[in-house]
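Chemist: Using the sequences plus the hints, can you model the full thing?
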Amino acid sequence: MAMLELENVHTYYGNIHALKGLSISVDEGEIVTLIGGNGAGKSTTLRTISALQRPRIGKIVFEGEDVTTAPPPEIVRKGIVHVPEGRRIFGRLSVQENLEMGAFTREDKQEIIESMEHVFQLFPRLEERRKQTGGTLSGGEQQMLAVGRALMAKPRLLLMDEPSMGLAPILVEEIFNIIREINQQGVTILLVEQNAHMALSIANRGYVLETGQIQLAGLATELAASSVVREAYLGGG
Amino acid sequence: MKRTSLESGLLIGCLSLFFIVLGVTSLTGSLVQDWFKLSSPILGGWLLLFLMTFWGGTLAFKKSPSKSWSETLRTGLSVGLVAGIMLALTIWGLGTLNAQAVPIREWLVQLTPAAIAMLTMGRAPVVAALLMFVVMLLAGIGGAAWAYAALHYQWRSVLNTRWLSARESVINMSLVQKYQQHQYSKQIAYGVGALVLLTAPLYLGRYWNYTLGTVGLYVILGLGLNVVVGMAGLLDLGYVAFFAIGSYTMALLTAPQPHDIVMSFWLALPIGVLLAACAGVLLGIPVLRMRGDYLAIVTLGFGEIIRILSKSDVLTDFSGGPRGVRAVGGPMLFGLNLNNEFYFMYFIILGIIIVAYATHQLQRSRVGRAWMAIREDEDVAEAMGINTLKYKLLAFAMGSGFAGFSGALFASRNKFTGPEDFTLLVSINVLSLVIIGGMGSIPGVIVGALVLKGLPEMLRQLDDYRMLAFGGLLVIMMILRPEGLIPSSRRKMELHDDESEALVPDVLVEGGEV
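Line by line, the protein sequences give chains A and B. Residues in the first sequence are numbered from 137 upward in steps of one, following this note's numbering. Residues in the second sequence are numbered from 1396 upward in steps of one, following this note's numbering.
Bear in mind the hints are in silico, worked out from the structure with no lab data behind them. Don't take every hint at face value.
[Claimed, not checked] Quick look at which bits of chain A chain B covers, simulated, 3 or more residues with Cβ under 8 Å:
no.	stretch
1	213 to 224
2	238 to 244
[What the hints assert, rightly or not] With beta-carbon atoms standing in for the labels, derived distance ranges:
no.	chain 1	residue 1	chain 2	residue 2	range
3	A	Asn174	B	Ile1692	24 to 34 Å
4	A	Gly150	B	Ile1692	19 to 29 Å
5	A	Gly222	B	Arg1557	31 to 41 Å
[Stated by the list, open to error] Restricting the straight-line Cα-Cα distance to at most 20 Å, the calculated cross-link-like pairs of lysine to aspartate or glutamate (EDC-like) are:
no.	chain 1	residue 1	chain 2	residue 2
6	A	Lys290	A	Glu166
7	A	Lys267	B	Glu1771
8	B	Lys1785	B	Asp1774
9	A	Lys195	A	Asp163
10	A	Lys290	A	Glu317
11	A	Lys214	A	Glu236
12	B	Lys1785	A	Glu243
13	A	Lys214	A	Glu141
14	A	Lys214	A	Glu243
15	A	Lys214	B	Asp1774
16	A	Lys290	A	Glu309
17	B	Lys1785	A	Glu210
Cβ atoms here follow ideal geometry from the backbone N, Cα and C, with glycine treated the same way.
Modeler: Listed below in structure tokens is the structure:
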């Protein structure tokens, strides 16, 4: 059985029909990517899963449990954590405070400290910058902080929205390596990306979204080879 | 003549004219007259104009520092010349018009015959104008020379080092050092502070107990709004509504009119706090779904609704209408009537301590962290699993409860409450004192209240200019010290990022980005 399942999900922003009957599934241990152009509904999908947006129709099932109407805190407690688009770190708080904020739903202090040590192992640079305010970090460091903050909630499923946005190519590579590493440590990942090439290179499976609907689904290798994806998202040829 | 010097002169001249027209010069004159028990306000008014041009002289010098005395002299002269001509013409014109009994007041309210007489020193307009011209020339030259001396003789830094070494020698004196090394030094300092605080009402007298009591009530209000605006980042412009609810609850429950309930003060106080907090939650449930500007507008409306309701004729039987509620009850303890400014001062001090302690503890708790996250980025706070509506409601309820507490004390101490006590200005004052003190900072709120509510009280004559002073102070503050008088360490960090950034070697920053 799939870890996460979306069945015929329709999400609206007011009158705008953003997701038109979306059905996707993510298995435990996978990296699944959603690719597609601007306004295809990639971010909305993630927002709907993490309950920041409510679906009007449809069902979301996480580990056999219906979580369609669960509020965000409950979703986080169940292990679904969202790394929002554009990093959105708390610019005026220190790196450490940002990380502590990520562990808001957790109670055990000892475990939180362990998680922080784990994050610092993944991102040694964050430890160096511990006392610095988030806003003074570079773009790459901010993305690391955003990922680290999400990891502080001890996620089982990480929803990542455009982690490569606005980063230099070398940093994109680094971030994707880290995503792979996190995945190898047992965290399932649903990745939204504009950079389809990079996303498909690390993902197991992928979905191509267009105007709120699934256009194409399959193994990452198949998608990378398909003519539709190559023409639309991988720069032709 | 340099252009910059002429410009400085023009600027100062215009500012001085502005002051004359607004009546600031006359006001300064009468203040100086009062303080130093002079026979006329002339000295004060002229002194202000002199100092303005003097300042203009230093300003002009700073814009283009001269290397020689003669150049400095020219700079000062140009400033004095421009300002002098402007002011001399003004004085001559005003004096002449006044002598011909032209009713200047009809257009410019502040230019009373007395004010003009102050400017002309009661002499013929031409004489006064010439005198003014000469004085302004001297002022401009004086200012430039002052700036020149300050720059070239470094007397400021000399004074500064002297002061530092003097301070050091005091600290080094064995007694002071011994005190600082003493293990209880902190406790002793707190003890002395507490003693001063507790005995203060004894020797303050009625007037000051009342005035500082009002300041204290504003401190409680400020601490409450600080939770809402400073900690949770919710801009509430109708905060006065909760103050009014606390106040009216106390009044209606303890006064013989209009309801004849005459409940005990001690019972009415918690009811007032509770009702205000409930009102906060009730308003919050629909309103807190809105953000930023919308929240500000809706709360602004709510504040006005409460005031207008309290004033309305329809509710006169219930809330006393425009005439308010009289004979509000005061506290009794062991058969002792504690209903005067003196005892209230103690209640207020106690209230401040309780509220300050409570908010301080909250700020450092899990709740405080949730507020911080919401203030910084509500979306992300939600994504982190923070129940934003719950924590926003909590902030609203706490802030409103504190306002209700302050309001209940206010009505009881004044033995009266009415719609005029709850104008929009109260909300604005409280917000201003939170901002001036330093958002999110508890000591800042106390200092802010002293500055905004205490200072105008001390400068009673300034009454008409309170709003002008408020505005001016706020503008100057926001330019010079955007983080407030006593900022929380966090905001200081935020607003002076450029300084903290300088601590990070550029190499590291670069290395991170590539």
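Chemist: Next, verify each hint and record whether it holds.
Modeler: Here is what the structure says about each hint:
{"no.": "1", "hint": "213 to 224", "in the structure": "holds (count 5)"}
{"no.": "2", "hint": "238 to 244", "in the structure": "holds (count 3)"}
{"no.": "3", "hint": "A:Asn174 with B:Ile1692: 24 to 34 Å", "in the structure": "holds (33 Å)"}
{"no.": "4", "hint": "A:Gly150 with B:Ile1692: 19 to 29 Å", "in the structure": "holds (21 Å)"}
{"no.": "5", "hint": "A:Gly222 with B:Arg1557: 31 to 41 Å", "in the structure": "violated (54 Å)"}
{"no.": "6", "hint": "A:Lys290 with A:Glu166", "in the structure": "holds (17 Å)"}
{"no.": "7", "hint": "A:Lys267 with B:Glu1771", "in the structure": "holds (17 Å)"}
{"no.": "8", "hint": "B:Lys1785 with B:Asp1774", "in the structure": "holds (14 Å)"}
{"no.": "9", "hint": "A:Lys195 with A:Asp163", "in the structure": "holds (17 Å)"}
{"no.": "10", "hint": "A:Lys290 with A:Glu317", "in the structure": "holds (15 Å)"}
{"no.": "11", "hint": "A:Lys214 with A:Glu236", "in the structure": "holds (18 Å)"}
{"no.": "12", "hint": "B:Lys1785 with A:Glu243", "in the structure": "holds (18 Å)"}
{"no.": "13", "hint": "A:Lys214 with A:Glu141", "in the structure": "holds (15 Å)"}
{"no.": "14", "hint": "A:Lys214 with A:Glu243", "in the structure": "holds (14 Å)"}
{"no.": "15", "hint": "A:Lys214 with B:Asp1774", "in the structure": "holds (19 Å)"}
{"no.": "16", "hint": "A:Lys290 with A:Glu309", "in the structure": "violated (24 Å)"}
{"no.": "17", "hint": "B:Lys1785 with A:Glu210", "in the structure": "holds (14 Å)"}
When the structure is compared with the earlier hints, violations turn up for hints 5 and 16 and for no others.
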